[in-house]
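The task is simple: from the sequences and hints, build the whole structure.
Given next are the chains, with one letter for each unit.
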Amino acid sequence: MTVETRQGQGSGQNLWRESRARNVRERLVRVVLRACAYVSILTTFGIVFVLFGEAFTFFQDVSIVRFLTETQWTAGFATTPEDGEFGIIVLAWATIFSTIIACVVALPIGLGAAIYLSEYASAGLRRWLKPALEILAGVPTIVYGFFALTFVTPFLQGTILPGIQIYNILSASLVMGVMIIPTVASVSEDAIYAVPRGLREGAYALGATKREVATKVVVPAAISGIVASFVLGISRAVGETMIMAVAAGALAQLTVNPLESMQTMTAYIVQVTSGESPRGSLEYETIFAVGATLFVMTLLLNTIAYWFVRRFREVY
Amino acid sequence: MANPRRTKEEQKVTEAPQNRRDTKKGTGGASSDDAGASAFGMRIENLSAHYGSFKAVTDVSMDIRANKVTALIGPSGCGKSTYIRCLNRMHEVIPGARAEGRVRLGDQDIYARDMDPVRIRRRIGMVFQKPNPFSKSIYENVAWGARINGYKGDMDELVEHSLKQAALWEEVKDKLKKSGYDLSGGQQQRLCIARTLAVEPEVILMDEPASALDPVSTQKIEDTMDQLKQSYTVVIVTHNMQQAARISDYTGFFYIENMGDPGRLWEFDETEKMFSNPDRKETEDYVTGRFG
Numbered sequence: 218m219t220v221e222t223r224q225g226q227g228s229g230q231n232l233w234r235e236s237r238a239r240n241v242r243e244r245l246v247r248v249v250l251r252a253c254a255y256v257s258i259l260t261t262f263g264i265v266f267v268l269f270g271e272a273f274t275f276f277q278d279v280s281i282v283r284f285l286t287e288t289q290w291t292a293g294f295a296t297t298p299e300d301g302e303f304g305i306i307v308l309a310w311a312t313i314f315s316t317i318i319a320c321v322v323a324l325p326i327g328l329g330a331a332i333y334l335s336e337y338a339s340a341g342l343r344r345w346l347k348p349a350l351e352i353l354a355g356v357p358t359i360v361y362g363f364f365a366l367t368f369v370t371p372f373l374q375g376t377i378l379p380g381i382q383i384y385n386i387l388s389a390s391l392v393m394g395v396m397i398i399p400t401v402a403s404v405s406e407d408a409i410y411a412v413p414r415g416l417r418e419g420a421y422a423l424g425a426t427k428r429e430v431a432t433k434v435v436v437p438a439a440i441s442g443i444v445a446s447f448v449l450g451i452s453r454a455v456g457e458t459m460i461m462a463v464a465a466g467a468l469a470q471l472t473v474n475p476l477e478s479m480q481t482m483t484a485y486i487v488q489v490t491s492g493e494s495p496r497g498s499l500e501y502e503t504i505f506a507v508g509a510t511l512f513v514m515t516l517l518l519n520t521i522a523y524w525f526v527r528r529f530r531e532v533y
Numbered sequence: 014m015a016n017p018r019r020t021k022e023e024q025k026v027t028e029a030p031q032n033r034r035d036t037k038k039g040t041g042g043a044s045s046d047d048a049g050a051s052a053f054g055m056r057i058e059n060l061s062a063h064y065g066s067f068k069a070v071t072d073v074s075m076d077i078r079a080n081k082v083t084a085l086i087g088p089s090g091c092g093k094s095t096y097i098r099c100l101n102r103m104h105e106v107i108p109g110a111r112a113e114g115r116v117r118l119g120d121q122d123i124y125a126r127d128m129d130p131v132r133i134r135r136r137i138g139m140v141f142q143k144p145n146p147f148s149k150s151i152y153e154n155v156a157w158g159a160r161i162n163g164y165k166g167d168m169d170e171l172v173e174h175s176l177k178q179a180a181l182w183e184e185v186k187d188k189l190k191k192s193g194y195d196l197s198g199g200q201q202q203r204l205c206i207a208r209t210l211a212v213e214p215e216v217i218l219m220d221e222p223a224s225a226l227d228p229v230s231t232q233k234i235e236d237t238m239d240q241l242k243q244s245y246t247v248v249i250v251t252h253n254m255q256q257a258a259r260i261s262d263y264t265g266f267f268y269i270e271n272m273g274d275p276g277r278l279w280e281f282d283e284t285e286k287m288f289s290n291p292d293r294k295e296t297e298d299y300v301t302g303r304f305g
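Going down the list, the sequences are from chains R and S.
For the first sequence, this note's numbering gives the first residue as 218, with consecutive numbering after it.
For the second sequence, this note's numbering gives the first residue as 14, with consecutive numbering after it.
Keep in mind the hints are simulated off the structure, nothing from the lab.
All residues carry an ideal CB built from backbone N, CA and C; glycine is no exception.
A portion of the hints provided could be inaccurate.
DSS-like mimics (lysine-lysine), calculated; alpha carbons at most 25 Å apart, straight line [as the list claims (entries may be wrong)]:
{"no.": "1", "chain 1": "S", "residue 1": "Lys-186", "chain 2": "S", "residue 2": "Lys-143"}
{"no.": "2", "chain 1": "S", "residue 1": "Lys-149", "chain 2": "S", "residue 2": "Lys-165"}
{"no.": "3", "chain 1": "S", "residue 1": "Lys-143", "chain 2": "S", "residue 2": "Lys-188"}
{"no.": "4", "chain 1": "S", "residue 1": "Lys-188", "chain 2": "S", "residue 2": "Lys-149"}
{"no.": "5", "chain 1": "R", "residue 1": "Lys-433", "chain 2": "S", "residue 2": "Lys-233"}
{"no.": "6", "chain 1": "R", "residue 1": "Lys-433", "chain 2": "S", "residue 2": "Lys-143"}
{"no.": "7", "chain 1": "S", "residue 1": "Lys-286", "chain 2": "S", "residue 2": "Lys-143"}
{"no.": "8", "chain 1": "S", "residue 1": "Lys-143", "chain 2": "S", "residue 2": "Lys-165"}
{"no.": "9", "chain 1": "S", "residue 1": "Lys-190", "chain 2": "S", "residue 2": "Lys-177"}
{"no.": "10", "chain 1": "S", "residue 1": "Lys-81", "chain 2": "S", "residue 2": "Lys-149"}
{"no.": "11", "chain 1": "S", "residue 1": "Lys-149", "chain 2": "R", "residue 2": "Lys-427"}
{"no.": "12", "chain 1": "S", "residue 1": "Lys-233", "chain 2": "S", "residue 2": "Lys-149"}
{"no.": "13", "chain 1": "S", "residue 1": "Lys-81", "chain 2": "S", "residue 2": "Lys-68"}
{"no.": "14", "chain 1": "S", "residue 1": "Lys-190", "chain 2": "S", "residue 2": "Lys-233"}
{"no.": "15", "chain 1": "R", "residue 1": "Lys-433", "chain 2": "S", "residue 2": "Lys-191"}
{"no.": "16", "chain 1": "S", "residue 1": "Lys-149", "chain 2": "S", "residue 2": "Lys-177"}
{"no.": "17", "chain 1": "S", "residue 1": "Lys-165", "chain 2": "R", "residue 2": "Lys-433"}
{"no.": "18", "chain 1": "S", "residue 1": "Lys-191", "chain 2": "S", "residue 2": "Lys-149"}
{"no.": "19", "chain 1": "S", "residue 1": "Lys-149", "chain 2": "S", "residue 2": "Lys-186"}
{"no.": "20", "chain 1": "R", "residue 1": "Lys-427", "chain 2": "S", "residue 2": "Lys-165"}
{"no.": "21", "chain 1": "S", "residue 1": "Lys-186", "chain 2": "R", "residue 2": "Lys-427"}
{"no.": "22", "chain 1": "R", "residue 1": "Lys-433", "chain 2": "S", "residue 2": "Lys-190"}
{"no.": "23", "chain 1": "S", "residue 1": "Lys-294", "chain 2": "S", "residue 2": "Lys-233"}
{"no.": "24", "chain 1": "S", "residue 1": "Lys-165", "chain 2": "S", "residue 2": "Lys-186"}
{"no.": "25", "chain 1": "S", "residue 1": "Lys-188", "chain 2": "R", "residue 2": "Lys-433"}
{"no.": "26", "chain 1": "S", "residue 1": "Lys-81", "chain 2": "S", "residue 2": "Lys-233"}
{"no.": "27", "chain 1": "S", "residue 1": "Lys-233", "chain 2": "S", "residue 2": "Lys-186"}
In silico negatives: residues of chain S with every beta carbon more than 10 Å from chain R [as the list claims (entries may be wrong)]:
{"no.": "28", "residue": "Lys-68"}
{"no.": "29", "residue": "Pro-88"}
{"no.": "30", "residue": "Arg-115"}
{"no.": "31", "residue": "Pro-146"}
{"no.": "32", "residue": "Glu-170"}
{"no.": "33", "residue": "Ala-180"}
{"no.": "34", "residue": "Cys-205"}
{"no.": "35", "residue": "Gln-240"}
{"no.": "36", "residue": "Ala-258"}
{"no.": "37", "residue": "Asp-292"}
{"no.": "38", "residue": "Glu-295"}
Quick look at the structure:
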């Protein structure tokens, strides 16, 4: 049989003709996938628009200079913009302070766990330890908050820090650090594990010890992923709400004493939104200014991380 | 070349490391034949290698002569790479892998109970099939191994010397601060050779070092090899029979008779004999290209 006769069959159609139905399907898939990609981006833009729109209203009452330079936060007591103080530094400092404490806990332990899992643990141990760690990352943060308030604080009070207050930034931040460990460990473990075996063998063949291979060859090779995990951890700490709202209290004060209560930006937003501030009131307006500040902070952090990861990305 | 970084423990591996370099300098590679296997070659006795319950190589005995190039050839999957990795205890780095038998460097069994694999690898270096430079600068790639081994001399000099030995210096001398990954594949492989040389091992093992490279890079690495045997004992696994014939003094042919059996050393002799008049039929079939 020749090609001609085959073409003649099949209801006289040209076999090489494009299939219209197929083209439609292809195009449809493309459109759906594109829509998925745009939904998150457009939503983000929408949020930013609302956030900054409302914040702009607030800054017409309270100047941005006051917002950045005042050293007290008394928005809850203010009925007019003049009789309150709106120093964001109070809330921002609480956020930064708690993040620092949490990072002191989470970054070294998370990285250590990642190195152990990837380089030292046997394959069998790694197989169940890593999922276990990742499950830990799924514990709701409210549980951590209760843990801080009902266990860690009383424990510290009864043992080494009798002067600690019921609501304090220290327990909340320590527990937040513990919460972040799985994130840091899991993401950096992925990066460390992805370093090709050939690189390790090259180091072993030069007479490197296991420790030298792990710390001087493998970790530097995975540094961009490790930094990404750190930033992810820091971002979670900056944005963490429930632990802070539950265990750190609601006292907006500027202090460096971790045994006292402090109010982070997120905890403040929780307090206002769960209270009875009517829409349009001054206190209601403040949360958009605080939210916008939080947004700018995390955006900055992510931008730095993005730059860093690209700058130090390793090609193996 | 007195070497201050050798410690007592290392001296156990090679009985007279200080004299060794001097001897070599005096005699070059030429007279190493009469030095025999007792000098700084290697003697392998009844070596078998396993991956878990799978036996990959069985019962290999071989004398590797000092200051000679020994090539290991044979069809894929016959255990050449596994075998060469046993010679500096790299095999056991893979989880579940182990080796049995005796491997002597000088008169020390590197598989003896009190032998530290880390120190053995400092004396028996290795270059791998795929170039694997570190994610460090070209300079650091070469300096790193020497530094972790406690090298106290002039590092710039060592780096330059090693890169020259590996025939890479002219191409990289103006960009030592650049990443090792900025080099081409062939250059990366020569960087890995330079890094191995900087540790000043006794023996250099090469596992198909040119298999992923273009002919020009391969040529450069082969030229390097000829220089290297002046100061080192070289063992090279290669798939390329012409390469084995060109560069080696001795050749070992690995072969698996039946599917599923472990690989064996089928024949081992001087390269000239192996390629002109081998004793066994399979060797002849392989070197003449009838299979493999």
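Results for each hint:
Proximity of Lys-186 of chain S to Lys-143 of chain S is assessed by CA-CA distance (about 23 Å); at most 25 Å being required, the pair is judged to hold. About 20 Å separates the Cα atoms of Lys-149 of chain S and Lys-165 of chain S, which keeps this hinted pair within 25 Å; it holds. For the proposed pair Lys-143 of chain S and Lys-188 of chain S, the alpha carbon gap of about 23 Å is at most 25 Å, so the pair holds. The suggested pairing of Lys-188 of chain S with Lys-149 of chain S holds, with an alpha-carbon distance near 13 Å, which does not exceed 25 Å.
A distance of roughly 30 Å separates the Cα atoms of Lys-433 of chain R and Lys-233 of chain S; the hinted pair therefore is violated under the 25 Å criterion. Between Lys-433 of chain R and Lys-143 of chain S, the direct Cα distance comes to roughly 21 Å. Compliance with the 25 Å bound is thereby established for this hinted pair. A C-alpha spacing of about 31 Å is found between Lys-286 of chain S and Lys-143 of chain S, which places the hinted pair above 25 Å, so the restraint is violated. Taken as a hint, the Lys-143 of chain S and Lys-165 of chain S pair is broken in the structure, with Cα atoms around 30 Å apart against an allowance of 25 Å.
A C-alpha spacing of about 17 Å is found between Lys-190 of chain S and Lys-177 of chain S, which places the hinted pair at or below 25 Å, so the restraint holds. Distance check on the hinted pair: Lys-81 of chain S and Lys-149 of chain S sit about 32 Å apart at the alpha-carbon level, beyond 25 Å; violated. About 19 Å separates the Cα atoms of Lys-149 of chain S and Lys-427 of chain R, which keeps this hinted pair within 25 Å; it holds. A distance of roughly 24 Å separates the Cα atoms of Lys-233 of chain S and Lys-149 of chain S; the hinted pair therefore holds under the 25 Å criterion.
With a C-alpha separation of about 29 Å, the suggested pairing of Lys-81 of chain S with Lys-68 of chain S is violated against the 25 Å cut-off. Note on Lys-190 of chain S and Lys-233 of chain S: the hinted pairing holds, with a Cα-Cα distance of about 23 Å set against a maximum of 25 Å. Between Lys-433 of chain R and Lys-191 of chain S, the direct Cα distance comes to roughly 18 Å. Compliance with the 25 Å bound is thereby established for this hinted pair. For the hint pairing Lys-149 of chain S with Lys-177 of chain S, the CA-to-CA distance comes to about 19 Å; that is within 25 Å, so the pair holds.
Our distance criterion of 25 Å between C-alpha atoms is met by Lys-165 of chain S and Lys-433 of chain R, whose separation comes to about 19 Å. Restraint check for Lys-191 of chain S and Lys-149 of chain S: the C-alpha separation of about 8 Å stays at or below 25 Å, so the hint holds. For the suggested pair Lys-149 of chain S and Lys-186 of chain S, the alpha carbons sit about 16 Å apart, so the restraint of at most 25 Å is met. A hinted pair counts as satisfied when its Cα atoms are at most 25 Å apart, and Lys-427 of chain R with Lys-165 of chain S qualifies at roughly 22 Å.
Between Lys-186 of chain S and Lys-427 of chain R the alpha-carbon distance is near 31 Å, which puts this suggested pair outside the 25 Å criterion. Between Lys-433 of chain R and Lys-190 of chain S the alpha-carbon distance is near 18 Å, which keeps this suggested pair within the 25 Å criterion. Taken as a hint, the Lys-294 of chain S and Lys-233 of chain S pair is broken in the structure, with Cα atoms around 33 Å apart against an allowance of 25 Å. For the hint linking Lys-165 of chain S to Lys-186 of chain S, the alpha-carbon distance of about 22 Å falls within 25 Å, and the restraint holds.
Among the hinted pairs, Lys-188 of chain S with Lys-433 of chain R is consistent with the structure: their alpha-carbon atoms are about 22 Å apart, no more than 25 Å. At roughly 18 Å between alpha-carbon atoms, Lys-81 of chain S and Lys-233 of chain S fall within 25 Å of each other, so this suggested pair holds. The straight-line distance between the Cα atoms of Lys-233 of chain S and Lys-186 of chain S is roughly 17 Å, inside the 25 Å bound, and the hint therefore holds. Residue placement check: Lys-68 of chain S keeps its beta carbon more than 10 Å from all beta carbons of chain R (closest about 21 Å).
The beta carbon of Pro-88 of chain S is kept farther than 10 Å from every beta carbon of chain R, the shortest such distance being approximately 23 Å. Consistency note on Arg-115 of chain S: stated as away from chain R, and its beta-carbon is indeed over 10 Å from all of that chain's, at 21 Å minimum. Its closest Cβ contact with chain R, about 8 Å, brings Pro-146 of chain S to no more than 10 Å, contrary to its assignment away from the interface. In this structure Glu-170 of chain S is separated from chain R by more than 10 Å, as the shortest Cβ-Cβ distance comes to about 19 Å.
Here Ala-180 of chain S stays apart from chain R, with its beta-carbon at least about 19 Å from theirs, past the 10 Å limit. The claim that Cys-205 of chain S is not at the interface with chain R is violated, since a C-beta of that chain comes within 10 Å of its own (minimum 7 Å). No Cβ of chain R comes within 10 Å of the Cβ of Gln-240 of chain S; the nearest lies about 20 Å off, and the non-interface call holds. No Cβ of chain R comes within 10 Å of the Cβ of Ala-258 of chain S; the nearest lies about 27 Å off, and the non-interface call holds.
The claim that Asp-292 of chain S is not at the interface with chain R holds, since no C-beta of that chain comes within 10 Å of its own (minimum 34 Å). No Cβ of chain R comes within 10 Å of the Cβ of Glu-295 of chain S; the nearest lies about 31 Å off, and the non-interface call holds.
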